[in-house]
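Use the sequences and the hints to build the structure in full.
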Amino acid sequence: MIGHQFRFDLLSFMRNGQARFATVIMPILFLVIFIALFGNGRVPLGGGVTVSTSTYYIPGLTAFGIISAAYASLVVSVVRQRESGIFKRRRATPVPAFVPIAGRALVAVVAALLMCALLLAIGAVFYGSPLPTHTIPEVAFSAAGGAASFCCVAFGVASFVRGADAAQPMVQLTLLPLSFISGIFVPLNNVPGWLGTVASYFPARPLADALRGCFGPATTGAGINGGDLLVLGAWAAGGLLVALLRFSWVPRAAG
8 MIGHQFRFDL LSFMRNGQAR FATVIMPILF LVIFIALFGN GRVPLGGGVT VSTSTYYIPG
68 LTAFGIISAA YASLVVSVVR QRESGIFKRR RATPVPAFVP IAGRALVAVV AALLMCALLL
128 AIGAVFYGSP LPTHTIPEVA FSAAGGAASF CCVAFGVASF VRGADAAQPM VQLTLLPLSF
188 ISGIFVPLNN VPGWLGTVAS YFPARPLADA LRGCFGPATT GAGINGGDLL VLGAWAAGGL
248 LVALLRFSWV PRAAG
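For the sequence shown, my numbering begins at 8 and goes up steadily by one.
For the record, the hints were derived by calculation from the structure and aren't laboratory data. Be aware that a few hints might be false.
To be verified - Distance ranges between label pairs, derived from CB positions:
#1 R96 - L237: 37 to 47 Å
#2 V205 - P101: 39 to 49 Å
#3 F167 - G48: 17 to 27 Å
#4 G245 - T204: 14 to 24 Å
#5 R96 - G10: 18 to 28 Å
#6 W256 - G55: 17 to 27 Å
#7 G234 - F187: 50 to 60 Å
#8 R49 - G10: 21 to 31 Å
#9 R49 - D172: 39 to 49 Å
If you're wondering where the values come from, they're calculated on a predicted model, not measured in any experiment. C-beta atoms are modelled at their ideal positions from N, C-alpha and C, and glycine is treated no differently.
Structure below.
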């Protein structure tokens, strides 16, 4: 049953040009623009380790793509389907309540993993960025775990958005500032220390740091920091709890 719902939601996602642009095209566009602006020089990671600009930005923009798929697109989709009455009609069917939610969340995770693979391929082919062959399982685990965490956050945030027109502004209000202070758009060595500390308590930076750790040339072992996973897990639990308490099958306007 979840498989049928997943296929339906995946087809809907593929036919949604706005969702495809935000999830697939935008991170690639940012990668091209950043390298064109800053060149493909060296970016310090700390401890005397440096990497090329493309190698620095690929994991960060992969995180951005994951967040776009699992959070931004999901918030907009959930609010739109709720306010248009789609959720209400689905709830009236014999299909268990968790099926439409699980199907949409699975689409977000799959889209995030595909975005990750696409950015890796573009970086390797066009910019000579080395593939993290020694940590591929960890990259996949970080991407899937980050996507799952942001799915939970998305359902929680969507419960506070009262109308479809407010969904996109809410997404941008939360996503863009975190992207700047989490080292996704701006190298972390250019972010003031106090802002970096603030960012570390939100889920965007732990996801970006987890992926950067897997890409690092000096990385040994898994390359994943347990603290990053702890923060992502805490946000997942918090988002899930809020969603369970506030999730609505009927339009908020109908209240």
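Here is what the structure says about each hint:
Distance hint for R96 and L237: a CB-CB separation of about 39 Å, consistent with the stated range 37 to 47 Å. Checked against the given bound of 39 to 49 Å, the beta carbons of V205 and P101, roughly 47 Å apart, stay inside it. Distance hint check for F167 and G48: the Cβ-Cβ separation is about 42 Å, which falls outside the suggested range of 17 to 27 Å. Evaluation of the 14 to 24 Å hint for G245 and T204 yields a pass: the beta carbon distance comes to about 19 Å.
Under the hint 18 to 28 Å, the C-beta atoms of R96 and G10, about 21 Å apart, fit the expected range. For W256 paired with G55, a C-beta distance near 55 Å fails the hint of 17 to 27 Å. For the pair G234 and F187, the supplied restraint of 50 to 60 Å is violated, since their beta-carbon distance comes to about 22 Å. Between R49 and G10 the CB atoms are about 46 Å apart, so this pair departs from the stated range of 21 to 31 Å.
Checking the proposed 39 to 49 Å range against R49 and D172 shows it holds: the Cβ atoms sit about 44 Å from each other.
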